[in-house]
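Please put together the full structure from these sequences, using the hints given.
Residue numbers (our numbering), protein chains in the order written: chain A, 1 to 346; chain B, 347 to 612; chain C, 613 to 1220.
To be clear, the hints were calculated from the coordinates, so they are not data collected in a lab. Do not rely on the hints blindly, as some may be mistaken.
[Stated by the list, open to error] With the C-beta cut set under 7 Å, the calculated list includes, among others, these residues of chain A facing chain C: (1) Gln-29; (2) Gly-33; (3) Leu-34; (4) Ile-42; (5) Phe-46; (6) Pro-145.
Predicted model, so just to flag it, every value in this text is computed and none were measured. Note that the Cβ used here is the ideal one computed from N, Cα and C, for glycine as well.
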Amino acid sequence: MHAHAASISPGHDDGHAGDDGHHGHVTLQYQPGLPLSRGKLIMWLFLSTEIMFFAALLGSYVVLRFGAPIWPKPHHVHLSEPIGAFNTFVLICSSVTVVLALEAARANKASLAKIWMLLTLLLGTLFLGVKGYEYSAKFSHGIYPAMPHSRIYERPDLYYGSAVRARLDELRKTPVGQVPSALRDPADAEAKSGDTVDLLQRLDAAPADRLSADQQTARTRLQQIQKIVMSADQQAFDMAVVADQVMPLPAEGADHGGGHGAHGLNDAFRWLRLPTVIPGGNMWASTYFLLTGFHAIHVAVGLLVFGIMCTWTLNAKRVGAIENIGLYWHFVDLVWIFLFPLMYLF
Amino acid sequence: MGKRLAGIFWSLLFLAVPVLGVATFAIAPAYDYWLPKDVSEHGASIDSLFYFILALTGVVFVVTEVLLFWFMWKYDAAKQKGEATYIQGSHTLEVVWTIIPAATLLFLAIYQMNAWADVKMRRPAMSPTVEVVGRQFEWRLRYPGRDGTLGTADDLFLVNDLHLPIDEDVLVQLKSMDVLHSFFLPNVRIKQDAVPGMKIPVWFKAREAGEFDIVCAELCGWGHYKMKGRVTFEPRAAFDAWLERKYAEQGATQPPPEAADVAAAE
Amino acid sequence: MTPPPVTATPAVEHGTVVGHAHGHAPKAGLSHFLSTYVFSKDHKVIGLQFLFSTLLWFLIGGLLALAVRWQVAWPWSDVPVIGKLFAQEGGQMSPEFYTMLFTMHASVMIFLVIIPILAGAFGNFLIPLMIGADDMAFPTLNMLSYWFMWPAFFFFGASFFVEGGAASGGWTSYPTLSTNPASSPASGMGQTMWLLGLTMVGVSSMLGSVNYMTTIILMRAPGMTMFRLPMTIWAMFITAILQAFALPVLTAAGFMQLSDRMLGTGFFSPEGNVVNNAIAGAGGGQPLLWQHLFWFYSHPAVYIMILPAMGMVSDILTVFARKPLFGYRPMVYSIAGIAGLGFIVWGHHMFMSGMNPALGITFMVSTMMIALPSAVKTFNWLGTLWGGKIQFTTSMLFALSFVSMFIIGGLSGIFMAATPVDIFIHDTYFIVAHFHYVLFAGTAMGVWAAIYFWFPKMFGRTMNEFWGKVHFFLTFIFLNGTFFTMHILGAVGFPRRLADAYHYETFHHLQPMNAFMTYCAIGMVATQVIFAANFIYSMFWGPLAGRNPWNANTLEWTAPSPPGHGNFDYQPIVHRGPYEYSVPGVEKDHLMQTDPPNAAAAAAAAAH
Ligand code: HEA
Ligand code: HEA
Ligand code: CUA
Ligand SMILES: [Cu+2]
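This is how it looks when you write it as structure tokens:
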């Protein structure tokens, strides 16, 4: 969209610049419609379609959430309010800077406008960066949108127990290349590719001075859960104990900002990657990644445009374009303002 | 003159629409191309509503189509000498033909609510007579057995062969194991989708004994067309005897394999 | 606003084909060809591109319908001619194949024919011409909206040839049949491609609709106030609003279904869903959620599929009745009313779905109410004919049959809106009758009216009237033969989407009627050869039309036929509404929107 100076007069204010024709035929005049340029009007209309798009996603989220028998608390799924709030703040700031860029462009201060534009780009990138960090934190807890990667189980039942057992079996035959450095042994260097080692055994044998006090208790717990899942008469009740050792779900009101202190086995030894139990966790993860993912895509598109604009001279001629992308950016911001409380606070 | 004939021809063609339309509906019942026999208690209210709407829309249909014919006939340019009437509309007419259909439709909307509530909202207070579970491509049935409760060890499992007592309320608990199905009893005027993850109550009262089709009315895959069951309505005594017989057949033997599946869909 | 300098209204010249607005020095070369006919940004070329593509798909959709009809009439009998192409044994189709047939028949007809032919072909061609603009507000965007159809053409077309065949979950694509590949071995890849195609159609429509709205709001000729717009434009405008607000919901739902299929999420499958003995994903979702999202779009979509036809038919009726439209403003308000109410009635497709029955009552009431604006429209069309001077052109006959057939389709809607009756007729051929009456007998007939009517503007030549009437007559007869009888099938409870229903005792005796319908359907499709021949012949050898062959009032008829680049060779200025036919005291029986007021006054004075 090549919007030029915002002009409210009807007629050819924009839209036709790239068109080939127009050699010589009458230039048409038009009835005054709305006092908006074509670019701005179509941007508003486009944003209304976007509103419906996110309304559908948010609506689905609400329906799925309240239709679900159980929904995890934000802490169960390692959401951190401070990080979310920080990101909200970053995005709001970027909405301010884009307005400042517009103001500067209006005043025909191109270099000032460019500074604000760059700042907007920076803030937007920061937002995406933080989002990426949050995603990776989810992934490292085995929280993925869907089955093949996800390690989430809905309840501590026999299925869960056998998944834990399968993972423990896998750890007994860990390829040498994947042994964490703390448990590495000089012999590993000579091992041929394809050789495996029993990681659990090594963990049992690890000298106490290599493990912190926390990790030592975690090691004891691991021995405990091995006993439970390997025993012949597994009981659903015991699986709950297992689940609690792998990743304890903080009780209501417990003060557990995600990431502080190693609580579960998976936190103490990240490489264990044991299946965890988060009631309602799969649907939570699906909706979380769906909503924030589509939001992130919209952020990325905005950043792309900001990037292109940073190569322009942002003088008064570009006001229309800056205004339009600004509208879009405010919309993206607004969506986040809905997402943040819905996902992080309730 | 040729033009005039053309006008007559086209007008008559449009007149054929209401004439043949009404004729089709009038003749169809004579060839048994009509509502199948109804053996349910609530069916009469549905059928009479159908006839009522048929009459109502029939009148609207005939009147509008005949008007259309008449205007084509009368206002054919080949027949007209003068100019067309210059008229932009009529406020009064607009009001009239908004209010009258509005009143009619509102009446219809209110009039039918009771029938709907009877079939879908006023669930009788009783425990399920039978559980019907849709599965690609068969109807799995589970009777509560002697203890009268579903989900106990003495449940009776059957496939596609539904028996129900007449002259008393029956409550079917409808479920699906895999995809959507729809439990359609044409002769009982009952239709309800079976939805995975939901338990939907369906109730009715049959008034006549006989054996009828159970049709699956929601697309459920390639075998949708053959997902056919049979329902047999019989007096209480015969029904009890049948239950007893089936129960004896199943006897102390292991529940059939599908029993476990049905239980898993719980 | 400064008054425009040139106001010369062109003399209506007869017999011009190349009345280009300005002389094009003939440029040679491939790039010129590409930019003029292929990657053109001219709304007229884009409109014709839409028209040709959709007509081609119409043919494909029609052939798929014939195959459907074959199986319904003579299940498991060898399919003639094409049977060898797909059948495993002999020439008989498999039930999987049948489900795929009606799924793709409906998907093609709805997403690749009716929606794009109305908004894409006629919307594009007519909007700038009828409002007095030289093009769309954003020509490049407009071009993109056509080119986004191609991925959709590809996905739908190619899906027939992938492993397992094309989508076979019905055009409604209900989960968990559609989300779980294990539940339907007949469609793995095909269903995914269907969803991708749908998304592309969505992008195309979205680009088109925002562009149409902008154009109509900002680019009307001087004097063309909103209430001087022809009904066609009003209908296109409100359709664009419907598209813009309803479509994104389907797009979102489509992404969720794609994710369920490809990533294994469970938005639409409940926990512990076992299909074919395999546990299907984590679940925790709701199958009904899809239905809500789907119908939130697809109910408004059925009005997207008829409002433009209603608009065009309104215009055509006035032209050939030589009368002003009866109740212009009520006609506008009723379109708006249909569109508004259209957003709150989606649940009438879900009366039997397991949705809360109390909710069913609210949807029933709103559905009853949506018949009101339709009633207003019907009565106003009749009012327009009353006292007219009716010319039975082919275009007029199709327009009249639109009215006649829409009444049938609309009235059958009342049966289904009545929830207790819907218990019996839901998912039977009664529904199939209903929507073919509104979609085929309604919209498609309206489209034919529009094709015969605007053909001269598109190609500068008129179509053959005699063969046009033969086409109309046969189509009219055969369509009623095919579809009217479906009501009767529905009254017996004959279920839709069944490859073979005759093994049911209840439906066993219906085969002869189905055979009759299939004969009619074959006749109907065969009749279209006449249309295709007439269309193609007239494009090149039809009689020259001149600017205004029908003596119509709207702006497009003041432009050359076909209009050149930029559309108008003068500045159109609008002095009145579009329906000034047979104005008393005016000698000419029509006053064009551009005719200067003094000319009208002079003519009136002369007449006295
Ligand atoms: C162009 C398309 C189109 C149009 C315009 C309509 C118009 C209407 N439709 Fe239709 N409908 C479809 C396309 C359309 N429909 C499709 C495709 C399906 C099936 C989808 C699927 O399952 O695959 C469907 C299904 C469908 C159902 C679901 C049925 C079921 O699955 O069980 C219902 C239920 O209420 C319904 C109702 C209506 C009503 C009340 C109208 C009204 O708008 C009609 C109003 C018009 C009139 C009533 C006629 C004119 C009025 C008068 C002459 C005035 C006087 C009248 C009275 C006083 C009664 N439609
Ligand atoms: C716009 C929509 C549309 C149209 C036009 C049609 C047209 C036809 N339909 Fe279709 N149909 C649907 C939409 C449509 N249908 C839908 C939504 C379903 C539900 C599917 C589902 O359950 O999921 C359905 C289902 C459906 C069924 C039910 C299948 C079942 O439930 O088992 C049947 C059965 O008879 C049928 C038949 C026909 C026939 C005979 C035609 C005929 O009218 C076809 C006539 C075709 C032509 C006449 C072609 C004309 C060609 C040209 C004009 C091209 C000329 C070419 C050039 C100039 C180059 N259709
Ligand atoms: Cu089960 Cu259709
Ligand atoms: Cu609808």
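Hint-by-hint comparison with the structure:
1. Gln-29: 5 Å, holds
2. Gly-33: Result: holds, 4 Å to nearest chain C Cβ.
3. Leu-34: 6 Å, holds
4. Ile-42: 5 Å, holds
5. Phe-46: This interface hint holds because 5 Å falls under the 7 Å limit.
6. Pro-145: 6 Å, holds
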